[in-house]
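Chemist: Residue numbers (my numbering), protein chains in the order written: chain G, 9 to 359; chain H, 29 to 546; chain E, 4 to 264.
Don't read these hints as lab results, they were simulated from the structure.
Misleading hints may appear alongside valid ones.
Unchecked claim - Per label pair, the in silico range of CB-to-CB distance: (1) G:Glu86 / H:Gly508: 26 to 36 angstroms; (2) G:Pro160 / H:Ala119: 34 to 44 angstroms; (3) E:Leu129 / G:Ile125: 52 to 62 angstroms; (4) G:Leu93 / H:Glu215: 29 to 39 angstroms; (5) H:Asn339 / G:Ile125: 52 to 62 angstroms; (6) H:Ala119 / G:Thr22: 34 to 44 angstroms; (7) E:Glu144 / G:Ile125: 33 to 43 angstroms; (8) H:Thr467 / G:Leu93: 52 to 62 angstroms; (9) G:Asp35 / H:Gly160: 51 to 61 angstroms; (10) G:Asp35 / H:Glu386: 41 to 51 angstroms; (11) G:Glu86 / H:Asn339: 42 to 52 angstroms; (12) G:Asp35 / H:Ile537: 49 to 59 angstroms.
To be verified - Take a look, some chain E residues computed to stay more than 12 angstroms from chain G by CB distance: (13) Ala28; (14) Gly30; (15) Ala66; (16) Asp135; (17) Lys194.
The beta-carbon is built from N, C-alpha and C at its ideal position, and this holds for glycine as well.
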Amino acid sequence: MISLSARNVAVALTCVALILLPAFGSDFFVDFVATRTLMLGLAASTMVFLSAYGGMVSLAQWLIFGVAGFAVGNVVAESGRGLNLGWGPWTGVFIALVAATLLALLLGILSARSTGIYFLMLTLTYAVVGFFFFGQVTTFSGFGGITGIDPPGFFDDRPKRLYYAALVLSMLAYVGFRAIARTPFGLALQGVRDDPVRMSSLGFNVQLHRTLAFTLAGFVAGLAGVLNIWWNGQIDPTSISIGPTLDLLIIAVIGGISHLEGAWLGAFVFIGANIYLRDIPFLGSIEGLLEERLLAEERFNTVIGLLLLLIMLASPDGLAGIIARIEHGIRLAFRRSNPEGDGSSLRTNGQ
Amino acid sequence: MKPNKNRRLPSLLGVLFAIVLIAAACGGDDGDDGDASPTTAPAESTAPADDPPADDPPADDPPADDPPADDPPADDDNTIRLGIMGECEGAFGGFHEDVVAGATLALINGAGATSTSADTALDGFSGASVAGVPIELVGIGCGDDTADRAIQEVRTLVEQDGANVVIGPLSGDEGIAIANYALDNPEVTFINGISGAQDSTLAVRAPNFFRFNGDGAQWNAGIGDILYNEGGWRTAAVIADDYGFGWTSAGGFVADFCAAGGQIVSQVFPPLGTTDYSSFVQQLPNPDEVDGYFWVIGGTGTNASLEAFLNAKGDLTGDQHAGNLFFSPALADALGTDIAGAYVGGFASLPGDITTPEIEAYLASADAAWDTLSGGLTGNEPGPPSTALGFGFAYGYYTAGLAFVQALEQVGGDMSNNQAALREALSNLELQAPYGPITLDENRQAIVDTFVAQLVLDEASGEIVQQTVAIIPGVDQTFGGTYSTETDPPERDNTACEPRDLPWQGNSIPVIDGVPQR
Amino acid sequence: MTSNAAVTQIESHRSLLWLESVTVAFGGLLALSSVDLEVVEGDRLAVLGPNGAGKTTLFNAIAGDITPSEGKVLIKGVDCTALPSRLRPQLGVARTYQKTRLFPGLTVEDNLYLAQTGKQRRHLSLWRNAKDAELRAKAREAAGMVWLTDQLSAQVADLAHGQQRQLEIGIALVTEPDLIMLDEPASGLSKGERERLVELLEALPVDSTLILIEHDMEVALSVADRVVVMSDGEVVATGTPDEIRRNPLVHAIYLGEEAAS
Chain G
9 MISLSARNVA VALTCVALIL LPAFGSDFFV DFVATRTLML GLAASTMVFL SAYGGMVSLA
69 QWLIFGVAGF AVGNVVAESG RGLNLGWGPW TGVFIALVAA TLLALLLGIL SARSTGIYFL
129 MLTLTYAVVG FFFFGQVTTF SGFGGITGID PPGFFDDRPK RLYYAALVLS MLAYVGFRAI
189 ARTPFGLALQ GVRDDPVRMS SLGFNVQLHR TLAFTLAGFV AGLAGVLNIW WNGQIDPTSI
249 SIGPTLDLLI IAVIGGISHL EGAWLGAFVF IGANIYLRDI PFLGSIEGLL EERLLAEERF
309 NTVIGLLLLL IMLASPDGLA GIIARIEHGI RLAFRRSNPE GDGSSLRTNG Q
Chain H
29 MKPNKNRRLP SLLGVLFAIV LIAAACGGDD GDDGDASPTT APAESTAPAD DPPADDPPAD
89 DPPADDPPAD DPPADDDNTI RLGIMGECEG AFGGFHEDVV AGATLALING AGATSTSADT
149 ALDGFSGASV AGVPIELVGI GCGDDTADRA IQEVRTLVEQ DGANVVIGPL SGDEGIAIAN
209 YALDNPEVTF INGISGAQDS TLAVRAPNFF RFNGDGAQWN AGIGDILYNE GGWRTAAVIA
269 DDYGFGWTSA GGFVADFCAA GGQIVSQVFP PLGTTDYSSF VQQLPNPDEV DGYFWVIGGT
329 GTNASLEAFL NAKGDLTGDQ HAGNLFFSPA LADALGTDIA GAYVGGFASL PGDITTPEIE
389 AYLASADAAW DTLSGGLTGN EPGPPSTALG FGFAYGYYTA GLAFVQALEQ VGGDMSNNQA
449 ALREALSNLE LQAPYGPITL DENRQAIVDT FVAQLVLDEA SGEIVQQTVA IIPGVDQTFG
509 GTYSTETDPP ERDNTACEPR DLPWQGNSIP VIDGVPQR
Chain E
4 MTSNAAVTQI ESHRSLLWLE SVTVAFGGLL ALSSVDLEVV EGDRLAVLGP NGAGKTTLFN
64 AIAGDITPSE GKVLIKGVDC TALPSRLRPQ LGVARTYQKT RLFPGLTVED NLYLAQTGKQ
124 RRHLSLWRNA KDAELRAKAR EAAGMVWLTD QLSAQVADLA HGQQRQLEIG IALVTEPDLI
184 MLDEPASGLS KGERERLVEL LEALPVDSTL ILIEHDMEVA LSVADRVVVM SDGEVVATGT
244 PDEIRRNPLV HAIYLGEEAA S
């Protein structure tokens with residue numbers, strides 16, 4: 009099934025580079041840039057999965073991601089806010105994944121009838137409700153949040169292990185999501201995306217499909233949420249407020265919401281822009297020209313907004329779309345210069 | 029989604045941009061020990077002057093005494109790499125310049141530093157050294173009032189820029205997050221900026237996290253005592269923002285008022301960001317059912333909630349109301365001069381009506397260091413530096429910087445042995461700060477002098493002004509045992525209401541016409 | 004449900020579809036007004052009528068996309084008046100749509116494969132098994148029936164309009180339905196394509212039952228052996244193609260209008 013397309017080769021090479029990264033990258037780059045890229049990419053990939061294969065743009069993914077974190081915090085922490093159950097970290101993981109999956113199932117059932125902008129608004133509502141829930145219900149958190157959450161001993165103070173955990177889960181999610189797209193379930197999901205009415209008349213339970221896809225994505229978002237809480241050590245309601253919720257959407261859109269690998273690409277650009285754009289002297293001098301601190305470090309949101317605008321203008325389907333188009337162009341040029349070359353580079357399902 | 033010829037040019041531009049970004053990412057990645065890639069512009073100004081523009085490719089030319097790159101950073105090495113953790117976005121984003129200026133002024137006054145720019149502190153400083161040890165500013169962190177961002181920024185300062193001393197942060201949740209980060213990073217010393225969550229010191233107790241300012245509860249010490257004994261209140265209702273600072277600040281009032289013998293009859297907690305307070309105000313007892321109300325509602329809510337009270341209960345008089353530091357003379361604009369008489373809780377620095385030679389010298393040093401600063405109190409327009417530095421935000425960072433400089437002086441610049449000597453000196457420091465002396469308790473939490481003020485009608489101008497009525501000396505975090513390492517952090521109403529002896533009861537120093545009667 | 008007396012009666016003459024005073028009202032508008040219709044196995048029924056006569060509403064009521072406000076719909080003797088559309092393929096019903104409803108993000112083969120899995124109850128599976136090979140083979144066979152063999156791997160979004168109409172029918176046929184309902188299959192097709200369409204419909208197995216909505220009289224009358232004419236939500240005439248051609252009422256409301264346009 010695995011074809012040797014340029015896309016797969018590029019992804020494989022990236023994976024090899026990522027596996028080797030800790031050998032040559034600085035600790036900061038591995039722990040701070042790469043691990044976060046993988047974690048946020050994993051979370052964003054659930055959004056891309058739902059959007060690209062299910063036609064559902066969900067703003068609830070960050071909520072589910074956060075709920076997994078709150079679950080870990082409540083179960084693991086021994087003092088401070090929350091339930092303070094003080095149970096083992098792996099129990100925390102189990103409960104967090106169950107909580108994330110059940111929440112996704114519930115939200116999926118509630119929203120399976122909605123599509124398009126209504127689905128988006130509905131999931132945005134869930135995100136806002138989640139923010140206030142954890143802010144108001146001090147049994148689970150309160151606005152102060154849960155702090156001092158330690159990862160299991162296996163990961164504690166071992167950032168490279170956490171990096172590899174994020175890498176392995178990201179690779180599994182990527183391969184898994186792509187594989188699912190070729191299964192009967194995945195094809196049916198794409199059918200639901202393309203024409204729910206026809207799907208229904210062909211005997212499919214459209215809402216069940218949407219719900220199950222949402223639940224699956226919720227499980228993966230929960231995995232990302234667990235990794236994140238281990239990395240971050242604390243979580244509070246502002247961690248799941250509307251700002252970070254939209255950040256995830258921005259990541260997905262920058263990367264390309266119809267391409268799975270765009271999730272990680274977008275996360276890398278988003279985090280990279282946050283950290284490194286301050287270093288580019290060119291941007292510093294613009295600041296001087298405008299005589300306003302337009303592009304000073306404290307205007308990260310402006311920068312990321314401009315970046316988003318630029319990418320959207322250049323390519324409505326994000327960076328991954330740009331790359332796909334370049335690949336397409338190269339292949340066309342190659343075929344033109346090589347007419348009897350094998351024309352079997354058939355498009356699969358557009359993903 | 030077919031490829032479109034017209035899109036090719038923009039696509040190329042996009043790719044180019046991405047490449048620039050990736051190049052920047054890889055470039056930034058070179059600096060393993062942090063020196064090669066300062067995060068912010070200020071650090072560039074402190075780079076060695078003999079740095080030729082086009083050096084050999086490794087381009088790794090930190091100061092000569094730099095250790096090999098693979099050594100654990102900052103252990104035996106005697107360079108001080110200072111990071112300042114500010115807050116450039118979020119609720120307190122307007123005070124970014126203030127807090128950076130506060131820390132910088134301490135280095136100007138105590139370590140011979142010179143500000144790079146005469147009209148902003150954000151461009152950093154140069155020439156700082158204590159006992160012959162240079163202090164380099166490696167970066168200014170940019171928080172946004174959330175704990176998550178604070179962690180990212182402080183990790184950038186420490187793990188990317190190689191900071192071994194961090195001053196900051198500004199707000200409560202950030203402080204808890206950074207105190208927890210301090211636990212996991214014992215090689216770095218953290219001196220709190222002005223964040224006031226109780227947990228940061230009382231619950232987390234990181235041995236390398238020091239706080240030279242009071243927490244949100246401490247700032248309200250003394251006001252309950254005064255309301256009970258001088259205002260004649262026996263019962264009070266509390267209305268507070270429903271989040272960490274609101275709870276802590278309200279808790280400070282409850283602990284103080286109850287210690288004096290008062291009773292709390294009702295506590296109401298509207299969510300942060302509420303615009304219509306009418307339903308919350310309805311839950312409060314009527315003015316004839318309670319002696320007074322204590323308000324802990326910040327931001328735009330202060331006015332909105334008081335106006336809702338006025339509409340619902342029909343009258344609002346200063347002798348029946350008091351508030352934490354959010355109460356300001358500006359309230360009179362909307363509420364009228366009936367608000368005169370209300371007591372106001374304290375903050376880190378003292379109000380402007382108090383002058384002492386130390387305060388005057390401090391403010392003058394600020395005006396000497398810069399021509400103007402664009403601080404939060406002047407709406408981020410250029411204004412007198414002393415305006416910014418006289419306010420609690422900048423002052424908190426100033427005391428942090430001053431404590432650092434004085435402790436470093438005491439140990440002769442000794443940063444060895446995981447900064448053990450420096451930390452010992454910080455723990456035992458008796459800091460002679462402009463607005464009063466500060467010492468630390470065993471949790472490295474400040475024991476401070478705070479104040480109680482009153483809104484009064486200025487006869488001459490007919491306007492409401494804030495007047496300091498008392499200084500409360502030696503306020504510690506525990507409120508005579510109400511809070512301890514065993515108690516939960518303040519939440520909505522978990523502060524125990526019981527009579528107690530507080531160390532400062534009866535010791536308040538009256539202030540008459542701006543002069544403390546010590 | 005087989006205890007139902009009506010059912011036994013219907014089964015006795017192999018009735019596939021039985022409509023009993025089916026009424027569909029949209030607000031105050033009667034889209035279908037008390038329609039009675041019976042289709043028996045092997046029928047080739049054409050439904051004619053001007054725009055707005057209620058032809059597509061009739062299809063929607065049979066396929067379950069609309070629940071009638073009154074009356075009964077029985078398929079193979081089962082009362083499915085309120086049965087959701089997704090459960091009707093189990094009864095052997097397949098339909099096409101007047102406006103193409105395909106899965107443009109998938110290939111032709113995947114479209115035809117997918118169409119079968121709904122009925123096969125395989126569509127929740129995350130694994131592929133031996134059954135898949137069979138379904139894939141059928142998909143390719145169906146592609147052959149609608150002349151799309153050389154487009155099997157093409158993405159549906161890239162097909163020409165005529166090819167999409169062919170696939171629209173292919174998706175209905177591949178489920179091997181007992182009752183095929185085609186809603187204006189010839190719309191938007193060129194003359195050559197229409198001829199191929201007629202060829203295709205005439206090549207269907209003799210026992211397959213067909214209901215056809217068609218504006219194109221040539222297509223409709225050459226395929227059908229029975230014709231129903233509708234107007235304003237009512238059935239106004241039934242008969243063989245020849246009888247319908249001679250029916251003056253039909254001329255007045257339908258053929259006349261056609262001639263005039």
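Chemist: Run through the hints listed earlier and report the numbers of any the structure violates, in increasing order.
Modeler: 3, 5, 8, 9, 15 and 16
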